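J.: Letter by letter, the chains look like this.
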Amino acid sequence: MLDCGLDMTSTLNFLPLPLVQSPRLSNLPGWSLKDGNAFLDKTELIDLSTVDVILISNYHCMMALPYITEHTGFTGTVYATEPTVQIGRLLMEELVNFIERVPKAQSASLWKNKDIQRLLPSPLKDAVEVSTWRRCYTMQEVNSALSKIQLVGYSQKIELFGAVQVTPLSSGYALGSSNWIIQSHYEKVSYVSGSSLLTTHPQPMDQASLKNSDVLILTGLTQIPTANPDGMVGEFCSNLALTVRNGGNVLVPCYPSGVIYDLLECLYQYIDSAGLSSIPFYFISPVANSSLEFSQIFAEWLCHNKQTKVYLPEPPFPHAELIQTNKLRHYPSIHGDFSNDFRQPCVVFTGHPSLRFGDVVHFMELWGKSSLNTVIFTEPDFSYLEALAPYQPLAMKCIYCPIDTRLNFIQVSKLLKEVQPLHVVCPEQYTQPPPAQSHRMDLMIDCQPPAMSYRRAEVLALPFKRRYEKIEIMPELADSLVPMEIKPGISLATVSAVLHTKDNKHVLQPPPRPAQPTGGKKRKRASDDIPDCKVLKPLLSGSIPVEQFVQTLEKHGFSDIKVEDTAKGHIVLLQEAETLIQIEEDSTHIICDNDEMLRVRLRDLVLKFLQKF
Amino acid sequence: MDPECSRLLPALCAVLADPRQPVADDTCLEKLLDWFTTITEAGSSLLLLQENPCLVELLSHVVRSQDLSSRILSFSLRLAGIFAAQENCFQYLQQGELLPMLFGEVGPLGGAAWTAPTVRSGWIQGLHTLAQHPSALRFLAACGAVDTIFSLQGDPSLFVASAAGQLLVHILDLAMRGPAEGHCSPQACDWPACAQKIVGHIEDSLCSTATQQVTQALSVLTTVFGHCHGLWTQGLWVQLSPLVARLLEKDPVPASHSLVDLLLSVARSAPSSDRGLWETLAQTLSRLSPTQAGPLALGILKLQDCPQALSTQAFGLLLQPLACVLEAAAQAPGPPGLLEAAAGDSMTVDTLLSSKSACVGLLSCSLAHLGLLQPLPQRPSPWPQAPLLGAVVTILRLCSGSAAPTSDVGGRLCAILVGCGRVQRAALDFLGALSQGTGPQELVTQVLSVLLEYLVSPESSSTVLKKAFQATLRWLLSSPKTPGCCDLDPHTQLFLRELLPVLQKRLCSPCWEVRDSGLEFLTQMTRHWGGRAGFRQVLLASEVPELTKQLLRDPESYVRASAVTATGQLSTWGLCASPECPGAQQKSQLGELLHVLSTDSEGFPRRAVMQVFTEWLRDDHGDVAEDAEWFVARVLQAASRDLDWEVRAQGLELALVFLEQLLGQCGSHCPYAVALPETAPPGMLAQALHVLCRVQLFEFAFRALFDCDRAVAQKSCDLLLFLRAKAAPCGSLQEAGDSPNVASVEATLQRWQAGEQGQPLGYLEPRAVIAVLRSIDLEGLRDTLAESSDHVEKSPQSLLQDMLAAVGVLGENEADCY
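Quick mapping for you: the protein sequence lines, in order, are chains A and B. FYI, in my numbering the residues of the first sequence are 1 to 613. FYI, in my numbering the residues of the second sequence are 1 to 818.
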């Protein structure tokens, strides 16, 4: 199984979970606060207990892991890099924390009944398969799921049941993010998911190892192909500065790891030039502290520039300095210390980007009424208009600068030119322009041969057949071989051995010695056990030069010989003897009527031209 | 030649001839050649050689010697050429058989030295200088030089190859000058043998299958038609044009670049009645690919008198790519676009779609060519202003991805052009150029909206943004004035309302180039519209003035400089003021800029401040006028300590403006005026001098007079001369000449001149100033300063001495040699 991401867009159908009772939200007309939170998780497609291995490519792509590994009979192994697991744990922890700290007195599920759902207002009534929506997992489930993960490092080769070898490679997108190579001796499949060619904090993408792939499975491209991250960062900074200068506050709904590191680094360089040094930056998340500290200790997973800093020794990320100088402060939640230190105008980074739960809900309620304030969306996962819907009417300014560093289509076409896979497999959406911009032919994958696409729940046969297997020969057996050179550079030897197959590994072992012929009875018994080692006829090789063959026939007294050319070779006709010799590339037939003597004579003449071994 | 040089020359020649004493510096040899050229231009070369036999000895030694360095050999060849340019000197050298030995087959031509490009180049240049008279032609023919030049056209060194081509043209011109003078257009069969040989070679090359040879022939011909103006050139074209026309029949057309150059060169020199030429041009336009034909079309359209049909064809060709874009992007086949004649050319469409680089190249060249054409008086008429605007707007929309073409071609164009900075820049430049014409209001609205789209878009790179700002400025300033109203029209007003928030955001950009272009745009807008109520109202309602003030402390010095200039403009128009207390705000601008002047670590912002201050003083800016004396004193004080010479020079400029305001206009504004500067009436003068003393202008000017940077000293000298002239009739002050004050001032000045500028001058009295002014030899100082700093070192004598000293021949240096 490749990745198990969690589609959380269904949360947008719910009302926000406020930290304090919100009179506005609870007094909304019609469908008031009802159900908790639920996430789409479709598992009927596959029996999860049959999954042996899950390969995780980055921390965003493992958020559904507890749903997969818990209560499904899953007994396999999950492979992921260390930062992926650690930061993934933080993201899950934050999610669980956000949900659990606002317990619900009641929970409704009757509406999921199809008959009732039909009566609901759009978009709820159009939501598909709401019956499979589930409650958020618990911390216990998270821990149990994470315990099934085996840690791996970049370029480490992991044998899976002898059948294939898998290797994670740096994908340049996030700390510890990886692409995977899945290969046997003769086939190579690359799984490219969430990769970036931009120079941000993670180790750069390893492209060279993707070369010579038979199939390249491509997914996790940028969600916003029309927005270039550099421009968006510029936009982010300008709008932030404008707001703060006017005495307004800036709210940045974000995940606790990832782009936030780059944003803090940009701000570190920018705030002095923009005269913002006195503005406090707050980072509020249950895992804020761990996230900031983890980022500093994963030096080996960082880009070269940051790695070298560690040897100076300096912290690789400048947010350490921001914290030291008190420009950046982090808090687990808005309760406690934060309320004492809180100073406006300020910039707040907090979750969750869906605006449905987490501390961000509080700030939306707090600042939404003033047009001085701005909310800047940087995470591309959610439609910002839908996210804002429950907060309307809203006076605060909304700026959408999605920063998605994953591959865009130009970079994909460069990558494919560089890597040159035989076949590309990708989701159907990537093979046509986005529906909203159907004229943008540049916003699709353009490669030769055209990419094979797949859609939801489709079974796709990868375009290659396993034609060869590698077989090992035991040393003592190899010693006994006597190769014969039949052409310069090509030697042949016959082997008699026992093929031993276990765990998809094939080994040729020396055949057991035939038992000593001590007695008739015993011998018979032995032959039952031991495979028959017949004396083999010698193998023949070489080709028959027709002209010389005819001359030889004439020398041996055959006359009236005719040669006919056929599509595959020649037919030599001995008309007198009513015999026909059919010589083809890989076979020779002597056809004569019941004259075994003649046949043997002719056979011997044919054999003179061939090598035996 | 002066005697001292004559004395040094033999030693130098000996050094040059000695292979054991290498001349280290090539530039010395070049200077030496320059010097000999000057001497021979002024007098007889023959006399020079006779008076300095060492020169001929040097040449004959070079001829004999085997182991000379290639640069000395090259030098000698060029030197011989300089001498032999005069016919009598040529004869003189011929007597000694020197010239064949240098330039003939027995010379370096066959030897090992010939492998050095510098020798081949020297050989060509020598012959080029030498070929000035009929004897030279005979000599060239006799020694078979022309064949060698033919082969040198294909030399691996580009310099040699190009010089060989030029030499051929020179020889051809020289050969034709004789016969052509009398006749009108002689037949080719009457031409001198030498000319016939060269023309024959050109003909052969034109027929060659090797593109390189064709290129050589075409470039020689281009030079002929560009530089030779004899009537014979017309005959030559008549003879060669069929061969050139034959090139057009080949596929692909060989050496298309050179062919275009040649045809344009011929077209510029030929009489307009030559129908054959126009036909060839028309044929070439249709034969070349759209990319190759672009420069030709532009060249044709620049011609003064070209047939209407041809210029229509050429213009159509330039318009084709834009027509294709318009057609491809059209939502429906609506009203006919511009260029019916040009539309839908399949070759252009093919080129546009063949590859990204071809498409980008063709479009940006077309846009650039049309942009060059737009301001010319002979541009095609009627100029299709509206369709062009439509096309450029479409291109810009395709580049930004906001256009949604429905056609297949449109879709592919869109995929190629999205995000292409080069086309965006070219299109924005052209759009700016188009602002000179008018257009229907709805198109102008479209133009402004696409410009706004670019200014807003986070995808616009800093260079694209800069161009977008420039184009916006041009369009805004060219917007029509509402009749009977001096303010902005409602469309512009509306646009400004949308523009200012964008400018505000751009001024906060993390990219300094963007902040800088934003400020430049603001400065220009304010300069032109600072007085318009509509503009003032929108600007004051925004935070732009406040942001500008903050950018005075930007970390990037260029941005600070631009912020200074912008603040200067805003303040001039009273746009910094907040409504509450205008006076205080305004004062703070002056304070801010003074702060920049005295503390900024970089030169650019400080220079900008000085320029703003000078402008303020000149324009009688409110706060400056309030207490001009205090202002000037403060500024001069800060400027005098500045390490940047431009700041000090600008300080003198400011001082001059102040002087003029006190004493009346300076004569130097019109350097050719005959009248003497008007003198000021004595009473006013005395008063003015007191003021000048109080602001310590003299201390500043005197210090500048001895500034280590010549430009500053010169400026100060002019200023003091002007002042002295103004003060000339002030007899009553004269008697102070010997007061102790004057003596001490003069002593201080002498120390300053010697480089000890530590001591202050102290308070000066007007009388003392006048006395000191009279005692300093300002005219002498001005003449000294007018000479370039290396005037002593530039003399030929110094050159010879340096060269000798370098190899240690001069006696006085011997002790230094180990």
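Source of the hints: derived by calculation from the structure; they are not laboratory data. Just so you know, not all the hints are guaranteed correct.
[To be verified] Straight line, CA to CA, 30 Å or less: simulated DSS-like cross-link-like pairs of lysine-lysine:
no.	chain 1	residue 1	chain 2	residue 2
1	A	327	B	356
2	A	397	B	794
3	A	397	A	327
[Stated by the list, open to error] Derived list of chain A stretches under chain B, where covered just means 3 residues or more per stretch with a C-beta under 8 Å from a C-beta of chain B:
no.	segment
4	189–202
5	214–225
6	493–504
[To be verified] Just some of the chain B residues that point at chain A, by a computed CB distance under 7 Å:
no.	residue
7	114
8	117
9	405
10	411
11	459
12	508
13	550
Bear in mind the structure is a predicted one, so any value in this text is a computation, not a measurement. The C-beta atom is built at its ideal place from N, Cα and C for all residues, glycine as well.
J.: What are the numbers of the hints the structure violates, in ascending order?
T.: 1, 2, 4, 5, 6, 7, 8
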